[in-house]
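Keeping their order, the protein sequence lines are chains A and B. Residue numbers for the first sequence follow numbering that gives the first Met the number 0, beginning at 0 and rising by one. Residue numbers for the second sequence follow numbering that gives the first Met the number 0, beginning at 0 and rising by one.
Simulated from the structure, these hints should not be mistaken for laboratory data. Where hints are given, some of them may not hold.
[Unchecked claim] Here are the simulated DSBU-like cross-link-like pairs (lysine-lysine), alpha carbons at most 35 Å apart as the crow flies:
#1 B/K593 to A/K573
#2 A/K441 to A/K305
#3 A/K546 to B/K573
#4 B/K546 to A/K572
#5 B/K310 to B/K152
#6 B/K546 to A/K546
#7 A/K152 to B/K310
#8 A/K572 to A/K546
#9 B/K592 to A/K572
#10 A/K21 to A/K647
#11 B/K592 to A/K593
#12 A/K152 to A/K310
Each chain is listed here by its residues.
There are 2 protein chains.
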Amino acid sequence: MVTALPSRSIGRSVQRLEAREKVTGRTEYVHHIKLPGMLHGKIFRSTIPHGRIKSLDVSAAQAMEGVFRVVTIDDIRSVIPHPYYGPAFHDQPILADGKVRFAGEPVAVVLAADPRIAEEAAGLITAEYEELPAVYDEIEAMTSDVRVHDELKPAATFPDLQHLKGRGDTNIALDYKLVRGDVEAGFSAADHVFEHTFRAQQAMHTPMEPFVSVADVQDGRLTLHTASQGPSFVRIEIARLLGWPENRVRVKVPHLGGGFGGKLYIKLEALVTGLSLLVGRPVKISLTMEEQFFMVTKHACTFTIKSGVNKDGKIIARRCKVVWNGGAYADIGPRVTQKAGFTSAGPYDIENVAIDSYAVYTNRPPAGALRGFGAPQTAWAYESHTDLIAEALNIDKIQIRRMNLLQEGRPQASGTIVQDAALEKVLDHLLDRMNWHLPFDKGSGSIRRGRGIAIGIKGITSPTTSVAIVNLYGDGSCGLYIGTVDMGQGSDTVMAQIAAEVLNLDPESIRVIHPDTDVTPYDMGTLGSRSTFHMGTAVRLAAEDAKRKIGELASELGLPPNNNLPLSELLRKKYGMQAGNIIGTGSFIPAYKKPDPETGQSLAATPFWGVGGNAAEVEIDTETGRVTITKLVNVVDAGVALNPQLVKLQISGAAIMQLGFTMTENMVFRDGQLTNGSLADYKIPSLLDMPREFVNEYVVSRQSTGPFGAKGVGESSTIALSPAIGNAIADAIGVHLTDLPLTPESIFRAIQIKNGTPLAGE
Amino acid sequence: MVTALPSRSIGRSVQRLEAREKVTGRTEYVHHIKLPGMLHGKIFRSTIPHGRIKSLDVSAAQAMEGVFRVVTIDDIRSVIPHPYYGPAFHDQPILADGKVRFAGEPVAVVLAADPRIAEEAAGLITAEYEELPAVYDEIEAMTSDVRVHDELKPAATFPDLQHLKGRGDTNIALDYKLVRGDVEAGFSAADHVFEHTFRAQQAMHTPMEPFVSVADVQDGRLTLHTASQGPSFVRIEIARLLGWPENRVRVKVPHLGGGFGGKLYIKLEALVTGLSLLVGRPVKISLTMEEQFFMVTKHACTFTIKSGVNKDGKIIARRCKVVWNGGAYADIGPRVTQKAGFTSAGPYDIENVAIDSYAVYTNRPPAGALRGFGAPQTAWAYESHTDLIAEALNIDKIQIRRMNLLQEGRPQASGTIVQDAALEKVLDHLLDRMNWHLPFDKGSGSIRRGRGIAIGIKGITSPTTSVAIVNLYGDGSCGLYIGTVDMGQGSDTVMAQIAAEVLNLDPESIRVIHPDTDVTPYDMGTLGSRSTFHMGTAVRLAAEDAKRKIGELASELGLPPNNNLPLSELLRKKYGMQAGNIIGTGSFIPAYKKPDPETGQSLAATPFWGVGGNAAEVEIDTETGRVTITKLVNVVDAGVALNPQLVKLQISGAAIMQLGFTMTENMVFRDGQLTNGSLADYKIPSLLDMPREFVNEYVVSRQSTGPFGAKGVGESSTIALSPAIGNAIADAIGVHLTDLPLTPESIFRAIQIKNGTPLAGE
């Protein structure tokens, strides 16, 4: 029997279960899959940002030797009569349906046994368009006469996406409102009112493994092998498209080479399904790195933040207008709009708050979930704004934060009570690691130094469900069945630790069965820092259920509860031999209250709070704008760190990712055409871009509702990183940049403007 | 909610779920599996029946271009230190270990990417042997000085195989004894004593799909794709060989192209595992049809039956000496010995019984389980014997059976009370379908006709365990997770019917997940007519567990139990969206009492009784011995037929199979060498061998302990088929044959002997 020994699992940096197979190159990825008779699809894409397809000439492609078939939306419609999908709206056609809405949109697919032939043939397709006026900027799109969509069908899939507009009379897909107190009265009462506008750019997820899906339809059953973060969603949505029950759609996901929110909901899955159904053979599509720019992106965002502040620095009113550039298809953008919206006033205790957060369609590649889920874009605004207020009022930047920070037990802007959010502890730890109390050399001449700090908060998508199964075999060894996708974050390992802790096993001995909707039970998705908390709880419950059943078995056998017999012996007594199973199940959904539709007020807007703070020291060459990050400290609230090493990797990984979005990454468009759609021109951080000193730490602060006190940490260090660096740059050069990324050009330009020096050529 | 509608599932001839994929050639078999880097193994086999390997020359094979490696037991031992396996004894080496014990035993394996090269290279291997005296006949082997094994290690795997000898001082692997009453006193008290000896021949399973296994060892984990009837056993036994926990061994079984008991326990699995572990690549071995003769066979058997009978035909004492020719390795032979042993006195109520049933080693290919599990060999004796007694006493052959038949509530020879065994009903139905009461034209001249009848009983291996999982998905569709192998018998369909009945779903809508030890829970094996009863009960329990959980969910939601809401709506209420699972589990092991080791007496020797009767009309050309089966009636006790069409297919399939073993199939050896080891020379029944009139029916007789009243029917029509035909032939020609098969030669010879006509050349 399981006895109460000291923990073998929790708080231990268990090596990743898949470490060895990964470093020896044996890890299974969808890219490896080859099926008999499999065809490869290559996509012909729109060359214009908005227009009607007048004609499509596929004859040369179809005539090419080795081409199996060229497929358009009309063909797809013959097998999927309503070929539109999406988690928020059913707005995205499987292939362009009469219209194209962004340059790069899939219009046709060439199928061939040889992917090189398919690619060559796709190059032979030509299309004639009737070009339509297009809109790219989210602010323009709010009022533009250009309509990206004429009509919309709300998907009604998720309980938290209720108030979606279904009309095409504006480009606004969702107008999310949150009202607390009386913000105008607050502004009137305040000693000072500040308003600033900040902008974050469109960027890309850039997983090392590009999108790839294989569909195999046979005899009314579909198997999808797909690099997806959400196999359960894929199953449900594909079943809906096909009009099939869930149990005829099987979605299998091996390891992922990164996801970061990009591989959620439907990406290539509907397309390969349609193709396989059409031709009766397995079909694989794997995108190139470059094609990923046209699949899903990080929202560009314009955020106007206005605060009423008393002269001592106390913020008493705040209005946020956040406009999200969702691109041509909503994807999960409305949820980003809502979730990042409700925390867009920051981690502060403000009596009067009004938030408008808009999901807006434009003629750009679609935007969706990306690590941080909008929180980094909002924090970029609110924490730059905090420093600007402090500077204007000449208040210490730490002091103004401390004075306004949300305390335990206080309602956040949404009305949800703050619990287990270690804001102050994170701030203290940041200051400690930054030696903030020590004198700081700000440089001189053309080399200037600065330091900055920022702190942020993030709500977690709710309500969502996770289900887990623990199966103990006849020899007592354990299989853990979960739909959580291990995409590099180490979820297999952490889930094994949780099960092991309950069952008093070694986590290394547990076999984690990878997502396969025919095998693993439901999980809403591996996203939004939810897995450790949600699936971790489901795993704990499943293991406890198994433990309870072991106790029942002992009692059935007439043994005392603490009989010290290993499970294998109990089963042997029951079955007379090595046989049987103990199967425990666990299902978890956090408490949820639907927010008031008018005010957005809710008692449970998030199951826990993501809390992260960042601080940076920078050195700037004012003659070139070149910025060197001499020190970067990232601190998150980890609840209890189940696996300290994995928590630190999450902190550093998330920070490096956000560092790219802060310093270099930017999808640059000209007339709707992406001008830097390759990794030669689109710059993700390299080893040379790492901070000289790079500190990634967590504070321990028990999450009372989490499994063994844990909370999710996959995004927390992204939230406030941009403003920490922005504030450090401002500290060095005396001026705040408002637009991401913080390139040498923009820094140099800011210095020139501040100095009143006109730029060459301007 | 599930409501009480009339049955949608039970008793309906639901079409096999896999029918369409099978007839369109899309069914998945292990033969289809190709893995990257996979090597094919071809086996070099012993050319002598018994001897020491003096030397083995693999140099020419190893030197052949394209050969990856030649592997012997020494190589295997480097990765599996104790390379011996077996369900009863760990007596079988993965490759010959110093000694060979039958002609055809695997000695070495050639690995190559191209199986043709591997085969050619295997032909280049030569071996020198020190030949040893050999023994082939089971009776000779009982007392022979030849020792097939010097030492034996009982496997202790199964609770019903307790009293195995572990010594090599005889060739007797198991001496199973059953004693009831005082048989010698019975003989003394009887009016007449009869003794006859019968013999059944060694034969082969001949599945359309020969043995095939693929092993893929990677990073301390093994995946076996294997055509096995017992994936759970394979996992446990391979884990034992490797010293690994069960959860590092994954055994996947798709559909099987027939099994018939041959594909149980370890066949190629240990060999491919050793090979893959050795070379670090996937390894596949697929046998040819011809190689199957050397894998596992049906036991030859010599059965001396002695009965004390009163003049009215009442049997008061019976002694059975059954000697089973197990070949060189025990496989599951000891269990055949025991299980067929305890019913070897037939379906009769006999006060005094003594049974000795011996598992004997010889230098022949190993024998194991084959449809009927020894019962047809014993019935061949006891039901021929019944007719001989009736003829001697001039008693009606039906009357003698009816007088002695076991009645409900009476103890069988093992002491187990007979319950739910429709012996009399089967007999009545046979007589009815045979028009037994009508005059019968016995022919004249060289064309003689006869009719015969026989009835038999079979115990079911016990105790054995089955576990099932029912998973209801968010839309209410259902997945059923079972380790039962659908090898053509239609188990997927029947299990779906059982789950559907409980859950009020259409069985066609249920998705049955095929055996995969990483996915499906424990099942002892698809064998011995146990699946419908054991797994069927586990499925019923799992579905009831799911139903109970649906009720709990309704009550959690504040709904009445009979709320009529579909499950999808309940889950939607619970989770706010299409999400979640209802997971039910069920585990079943029948009641079991260990028999007394001295007397074999037990109160629960079998969880239910297999009952079958057969009757035949034959026409014999006495000038040639040619026999035509003009009518064959097969009737079984089906309990309640869950799927009438599938029950009938089981009855006819089993009957045709036993027809082959009765009329033609025979492995003919000369000096231990198989002389007819090809399907050109070894004759299985063809369409031309079918009876002119072929009646396959069941009687309904509720099995009170079975799922919805059902019992297993996969073997019942095999039991008494041989004596029915033998008795019909005797009725035609006036003499009983004692040895199977009943060839024209043996019939002609019997006629000649009876007529006192010496045969030409004798």
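Each hint tested on the structure:
{"no.": "1", "hint": "B/K593 to A/K573", "in the structure": "holds (13 Å)"}
{"no.": "2", "hint": "A/K441 to A/K305", "in the structure": "holds (30 Å)"}
{"no.": "3", "hint": "A/K546 to B/K573", "in the structure": "holds (25 Å)"}
{"no.": "4", "hint": "B/K546 to A/K572", "in the structure": "holds (29 Å)"}
{"no.": "5", "hint": "B/K310 to B/K152", "in the structure": "violated (49 Å)"}
{"no.": "6", "hint": "B/K546 to A/K546", "in the structure": "holds (22 Å)"}
{"no.": "7", "hint": "A/K152 to B/K310", "in the structure": "violated (89 Å)"}
{"no.": "8", "hint": "A/K572 to A/K546", "in the structure": "holds (17 Å)"}
{"no.": "9", "hint": "B/K592 to A/K572", "in the structure": "holds (13 Å)"}
{"no.": "10", "hint": "A/K21 to A/K647", "in the structure": "holds (19 Å)"}
{"no.": "11", "hint": "B/K592 to A/K593", "in the structure": "violated (58 Å)"}
{"no.": "12", "hint": "A/K152 to A/K310", "in the structure": "violated (49 Å)"}
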